[in-house]
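S.K.: Hints are included, so try docking the two chains, each in its own frame, into the full complex.
This is what each chain is made of:
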Amino acid sequence: SQTIHQWPATLVQPVGSPLSLECTVEGTSNPNLYWYRQAAGRGLQLLFYSVGIGQISSEVPQNLSASRPQDRQFILSSKKLLLSDSGFYLCAWSTLLGGELFFGEGSRLTVL
Amino acid sequence: GNSVTQMEGPVTLSEEAFLTINCTYTATGYPSLFWYVQYPGEGLQLLLKATKADDKGSNKGFEATYRKETTSFHLEKGSVQVSDSAVYFCALSDRDSGGGADGLTFGKGTHLIIQP
Chain Y
1030 SQTIHQWPAT
1040 LVQPVGSPLS
1050 LECTVEGTSN
1060 PNLYWYRQAA
1070 GRGLQLLFYS
1080 VGIGQISSEV
1090 PQNLSASRPQ
1100 DRQFILSSKK
1110 LLLSDSGFYL
1120 CAWSTLLGGE
1130 LFFGEGSRLT
1140 VL
Chain X
208 GNSVTQMEGP
218 VTLSEEAFLT
228 INCTYTATGY
238 PSLFWYVQYP
248 GEGLQLLLKA
258 TKADDKGSNK
268 GFEATYRKET
278 TSFHLEKGSV
288 QVSDSAVYFC
298 ALSDRDSGGG
308 ADGLTFGKGT
318 HLIIQP
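Heads up: the protein sequence lines correspond to chains Y and X, in order.
The letter at position 106 of the first sequence is residue 1135 when you use my numbering, and the numbering goes up by one with no holes.
The letter at position 7 of the second sequence is residue 214 when you use my numbering, and the numbering goes up by one with no holes.
Keep in mind that the hints were calculated from the coordinates and are not lab data.
You can take every hint at face value.
Far from chain Y, some chain X residues (derived; all Cβ distances over 10 Å):
id, residue
1, S210
2, V218
3, A260
4, D261
5, E276
Derived Cβ-Cβ restraints for the label pairs, each shown as a range:
id, chain 1, residue 1, chain 2, residue 2, range
6, X, T219, Y, T1139, 27 to 35 Å
7, Y, Q1102, X, N266, 29 to 37 Å
8, Y, S1049, X, K263, 38 to 46 Å
9, Y, W1036, X, P323, 34 to 42 Å
10, X, G236, Y, I1082, 27 to 35 Å
11, X, G285, Y, S1058, 36 to 44 Å
12, Y, S1058, X, T219, 43 to 51 Å
13, Y, E1088, X, L253, 16 to 24 Å
14, Y, E1088, X, K259, 23 to 31 Å
15, X, D262, Y, Q1074, 27 to 35 Å
16, Y, L1125, X, T212, 22 to 30 Å
17, X, E270, Y, N1059, 29 to 37 Å
18, X, T277, Y, S1030, 33 to 41 Å
19, Y, P1098, X, S290, 38 to 46 Å
Keep in mind that this is a model prediction, so the values were computed, not measured.
From the three backbone atoms N, C-alpha and C, an ideal C-beta is built for every residue, glycine too.
One chain only, chain X, in its complex shape (with noise of 0.2 Å):
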């Protein structure tokens, strides 16, 4: 089945510093794959997403590139900020495996602090 594998954290990192979370995969396709941000007491956002092997998706610094060879999905942020303290989720979905209307598969989820 499919499966999504980050680090759970919490990540603590000082203002300005450079972020990674690290995200790897399983999946029985060829899935698309999202990073997710909530903020305390909200719901899920959007945050970047890839489609395919190669893809960049970028949003608000944070960058994540799709590797196919290595099945991981990392993001990245060259300089954060106290803002950036939330929670974020890596998940995939995987048409091909003809379960695509089921929802996405979550990681667990890391926290980051970012601490001024």
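In isolation and in its complexed conformation, chain Y is listed as follows (with noise of 0.2 Å):
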């Protein structure tokens, strides 16, 4: 079966310092991959895609990027961190165009 992990859980960092959240798949091959970002107001807000190694869309032009070096690993990046970029970070991933999405436990980012 499919699954899908997501580290660290819990992250407390200062501000200007780097980010490096990391996301893997197992079970399947070749999935899309997202990173979404769940603020204090509950709501999801999509910041990346990937539809295969290398290949990155941004919904939100800000200080993070996203690589995806392997097949089944999404990493979510940043140099220099933002108060602004606190909240909860889901990892998820597709097989199938316009299918459902297939959610991590979460990684919870606090930026002092």
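M.R.: Structural data, given as structure tokens:
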């Protein structure tokens, strides 16, 4: 069966420090991969998606970036965190165009 | 563009009460519709889905019917439990708009609180 894992689960970082959140999917090949952010208002904001290795589409311009170095690995990064980057980050995958998404457990980032 | 509108709440009910969470959508094509549930501190879990008009999705006592004529996908449960307390998200995926790979369009979520 397919599984998705993301880490770390919780992260507290100072303003201006770098960020790396990692997500891996097991049990499937060539998934579509996504990073969402859920801020205090509970809504979900799509940050990045990827349909293949090295292919990244950005939905919202900001100081975050994403990379997909391997088929089932998706990384969210920042060189310098801002206070506004605090939130709950969710990785997700899908295999069908237009099909449902399957989410990881989430990573809670607090920037102080 | 596509959009999903749902009541934000919080919605507070007593145990064993009947639940309805309204969801309406706007889409350019013929979307698939989903309900997700998020328990505190966790990721989203798919609760149920419907892929065409008049389909009924159901799971764990929850139901939702895809109503094309009213562009709605309301979530219902006959008798809620304290363990149903969570945030519920309505979402759509519109393959016919040509953007199927770019994820789902989500509503803002409805916080449901069930009191014993």
